[in-house]
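Work the whole structure out from these sequences, hints included.
So the protein sequences, as listed, match chains A and B.
The first sequence begins at 1 in the working numbering and counts up by one.
The second sequence begins at 1001 in the working numbering and counts up by one.
Misleading hints may appear alongside valid ones.
Said to hold, decoys possible - Pair by pair, the computed Cβ-Cβ distance ranges are: (1) A:W343 with B:P1035: 37 to 43 angstroms; (2) A:V379 with B:D1127: 56 to 62 angstroms; (3) B:T1014 with A:G19: 46 to 52 angstroms; (4) B:A1126 with A:S391: 53 to 59 angstroms; (5) B:D1124 with A:V416: 41 to 47 angstroms; (6) B:T1014 with A:L16: 42 to 48 angstroms; (7) B:R1153 with A:S391: 53 to 59 angstroms; (8) B:S1003 with A:A428: 20 to 26 angstroms.
To be clear, the hints were calculated from the coordinates, so they are not data collected in a lab.
Every value quoted in this text rests on a predicted model; they were computed, and no experiment measured them.
A virtual CB, placed ideally from N, CA and C, is assigned to each residue, including glycine.
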Amino acid sequence: MNLLKLSASYIRQRWLTTGLNVLLLALGIATIVVLLLFSHQLERNLTENAEGIDLVVGAKGSPLQLILSSIYHIDAPTGNIPVEEAQEIIEHPAVAEAIPLALGDSYRGYRIVGTTHDYAALYGAELAGGAWWSGTMSVTAGARVAEEAQLRIGDEIVSSHGLTGDGAVHASHPLQVVGVLEATGTVIDRLLLTSIETVWAVHGDHAEDDHTGDDHAEGDHAEGDHAEDDHAEEEGEGGGAFHADEEDDGREYTSLLLTYSSPIAAATFPRYVNSQTDLQAAAPAFQTARLMSLLGVGFDALRGFGILLIAVAAIGVFVALYSALRERRYDLAVMRTLGASRWTLLAHVILEGVLLTVMGTVLGLGLGHAAAAVLSRAVAEAQGLALAGWSFVPAEVVLAILALGVGVVAALVPAVQAYRTDIAQVLARR
Amino acid sequence: MFSLSQVRHRYGRTIALELPHFEGAQGEQYLVLGPSGSGKTTLLHVMAGLVRPTEGTVVIAGQDLADLRDAALDRFRGRHIGIVFQRSHLLPTLTVEENLLMAQYLAGLDQVPARAQEVLRRLDVADTASAYPSELSTGEQQRVGIARAVMNRPRVLLADEPTSSLDDERAEQVIDLLTTQARDDGATLVITTHDKRVQSHMPHQRTLTLEDA
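In structure tokens:
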């Protein structure tokens, strides 16, 4: 026997009350863990994915949308920009390097990005096997796409129009997987990379596809079973690239990822683009900071809720110990007659509070990570940002220590009462 | 052995106990008689070190209790003084065996399950070892209470009104158990009671009669 077993035995005896308190505490901690995990990973992913990109130039619209669609590939693009106008930007002296992107198609929900090899270099992507894309109709798949869609080198895939995976298929333009990338932990893992020309080629004939209804004829295709109304729905939501491709030859970019040639350019170039051209320039650093501050309100509310739950749990632990102690005064007195000192009783009661909070904390950490894991799988946007449930944040250690502190504080008053028990008086009263 | 001299204890202005002299040799058995309110319980608490008397000296097993600081006094009590209550007051969340081992743990002694088994066997309740107190009959509870009191082979075994609320037969049994257990471990036994029946069941006792204070 020892004090720990004794304290545990009292917790077991009152499992209904203690279970409720443990659950409350666990829920509070889980809420904060999900919050910590997501805000930490979100901030990290937002920064990492935007590293090496000073400015994004694209069609006019919401700057945040431009950043989300061009860097993080989670929102619809703002539109397309003619190659000629883009060329002026690329050749501007303030621009050191420009990577063009052409978006608009996807394969099973994974975006196909028409770009140059510089884009892969930006994220330090390396080939795990096969080759880089070249010419037209060849794609190199990001690590997660390859794994989740089970793509192998040599496979032929049929892309679909739009970014959600339920658009009309480009059945007459199958793409060949020529290479697979190593995992980088960045957004590129979830993309299929190809040349800009490929996107143009697919879309150049896209109008024909729709008119002849090729994709409907090939009803045996996996994606072929989408009806026309699905397509309409997707267009309404997508609002994005290559919807105007029926009017011209489709030689357009969606956006450009830029680096400045000098620091001074940061002050003048975005203003130049926004006022002197029909294009829009958005700085990732500014827009992601804005996004985090927008989300911050939600994070604060959620954090407040988590703290409230923990506070209620602390009061619960206090009330449970305090009222239990009234019933246990005789037990405590008997322990003193058996040789326990006042300090032993103090430790006994505090240990009970600590045990409760340890159980609540462990359960809460587990619940929080499990909830984050479920959420990160269930929510497509979370997938796009590569949020994971089973990674750990240093702040969790602080949270656990704080929770233990709460347990000790909640147990302190009852523990001091136990310390002060007048044994002779309790025993004499019977 | 024990020795009390010039002991006086007050609660506020009321004198709860006044005892010029009371001492006993090791292994002897004593009966403290007196009506309720005569200070029997206070005397027992003083002897157990649960209450420090206002005046006077208390020596138990050669140790002057006044020389021990609080935690040391608690430990001394756990090791050398066994207390039997009117009701057994076992810790309800522990099994019988765990209750006995707890006595060793709280006294800072090694936990010896074999000793628990032995004590339970002597008191004829060996089969209750893994039962919880609430599953025992009143009689069994009382035996386990005695078992716990003698668990650490105390030098002094104190029993406070062990027979009140018991019928004649049960009262005789309890007194018999207490005297036997005390003798087996060589403990000095002190029983306080207002129950006249006890006197006839204790063959060799010496009696101290407290007057109504």
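Each hint, compared with the structure:
For W343 of chain A and P1035 of chain B, the Cβ-Cβ distance of about 38 angstroms falls inside the hinted range of 37 to 43 angstroms, so the restraint holds. For the pair V379 of chain A and D1127 of chain B, the beta carbons lie near 60 angstroms from each other, so the given range of 56 to 62 angstroms is met. Against the hinted window of 46 to 52 angstroms, the Cβ-Cβ separation of T1014 of chain B and G19 of chain A comes to about 48 angstroms, which satisfies the hint. Taken as a hint, the range 53 to 59 angstroms holds for the pair A1126 of chain B and S391 of chain A, whose Cβ atoms sit roughly 55 angstroms apart.
Evaluation of the 41 to 47 angstroms hint for D1124 of chain B and V416 of chain A yields a pass: the beta carbon distance comes to about 42 angstroms. Separated by about 45 angstroms at the C-beta atoms, T1014 of chain B and L16 of chain A satisfy the suggested range of 42 to 48 angstroms. At about 58 angstroms, the beta-carbon gap between R1153 of chain B and S391 of chain A stays in the expected band of 53 to 59 angstroms. Between S1003 of chain B and A428 of chain A the beta carbons are some 24 angstroms apart, a value that agrees with the proposed interval 20 to 26 angstroms.
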